[in-house]
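Student: Now for the letters of each chain:
Protein chains: 2
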Amino acid sequence: MEKEISQAVIGRLPRYFRFLGELKDQGVERISSQELSRLMHVTASQIRQDFNNFGGFGQQGYGYNVEYLYTAIGSILGLDKKHHLIIIGAGNLGQALANYMNFERRGFIFTGIFDINEKLHGRMIRGIQVRPMEEMQAFVRENDVDIAVLTIPKESAVSTAGKLVEAGVRAIWNFAHVDLDVPADVQVENVHLSDSLFRLSYMINRYDQETKAAAPKKDSQ
Amino acid sequence: MEKEISQAVIGRLPRYFRFLGELKDQGVERISSQELSRLMHVTASQIRQDFNNFGGFGQQGYGYNVEYLYTAIGSILGLDKKHHLIIIGAGNLGQALANYMNFERRGFIFTGIFDINEKLHGRMIRGIQVRPMEEMQAFVRENDVDIAVLTIPKESAVSTAGKLVEAGVRAIWNFAHVDLDVPADVQVENVHLSDSLFRLSYMINRYDQETKAAAPKKDSQ
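Protein chains in written order, with the working numbering: chain H, 17 to 237; chain Z, 17 to 237.
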């Protein structure tokens, strides 16, 4: 890839992939950017612009070939490769993520789960034994772990991330409520759940204010 | 609020709120945009521009008043109000979200949790009984529920969202892997976890390609 693709475009690729996967499952063979636009509530010109970042995916005659487009976007997302993934934290969130069967279909192989809580050690989660944190670094080294998923409290997240990087993980999927400071060759994707809930709260609040502003004299409804 | 605030600015507000909360907890009283910039890895001019959307928050003399800024941003995010929240789906993810104590501190009051699985009915999650789905609509009506959190499979998410809207919820925090189609006065915030994991996979993939491109002759390292 020669030119820099914007974060916004990258952010939209998984959604294209999801919709194309559903079309494929429904047996749809071709789709025009207009139809995709209606389905996804995105303008057709946005779709064409986004796809042009990757050479346009050869829309010819009537629309795009769904299977081809799905495979091409999957490949850009690296979903044609296998990734070994471990989960740090075997609480509810760690268990929820371990049980997303769908990830395995996309090449994310769940190989280990770790927790500080002794009571959880040895317990099986989706066929994988919960291990003590002390074994984490050796496990990463011995099992070619690419991705670590952090579902631990923010207090321990930063030091744990440091240990993971030291042991050689290439990417961290971070659910801890803190920003991590890792070397530039380690990829981090944050899922800050409360940031997301606060955005929702903002939208409710803004809607209330706009509604009030639009109808200042009304008392009810 | 008179002018339209961009989605990007709104997206950043919760992060400002988080950092300011930490500064406040550490007893920091004032902070300059330069210091905040270093801490948050955002340019100082970005910070000033973002804040100018809300009147600038009166930076005077040496920096911003941390407590004031924290309170003002919290209020823009609607965190000075109470919201009643229910969770649909009492699986691992639903339980994980119910147990985030921190939400209650921010005014999100967890009042109900619902599941189709009979075995879970009556089970207590953080002091709240799991109820059958059939009771959901009446519960929303009787308990002034503002926010519903959807942690159910995509197959049932769309119809459940319809029922929630009908019963009067104002906002949906959607973890189901599908886009919901709700009226414009219902706010939706999506957390598509696999979209997030796929972005991480994209970053790994791109890093590999750039590294290969930069050192085409090297075999190792």
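The reader is advised that the hints may include incorrect statements.
Computed list of lysine to aspartate or glutamate pairs in EDC-like fashion (alpha-carbon distance at most 20 Å, straight line) [said to hold, decoys possible]: (1) K40/H / E20/H; (2) K40/H / E20/Z; (3) K228/H / E20/Z.
Quick look at which bits of chain H chain Z covers, simulated, 3 or more residues with Cβ under 8 Å [as the list claims (entries may be wrong)]: (4) 25-38; (5) 148-161.
Just so you know, the hints here were simulated from the structure itself, not pulled from any lab data. Ideal Cβ positions, reconstructed from N, Cα and C, are used throughout, including at glycine.
Student: Which of the listed hints are broken here?
Tutor: 1, 2 and 5
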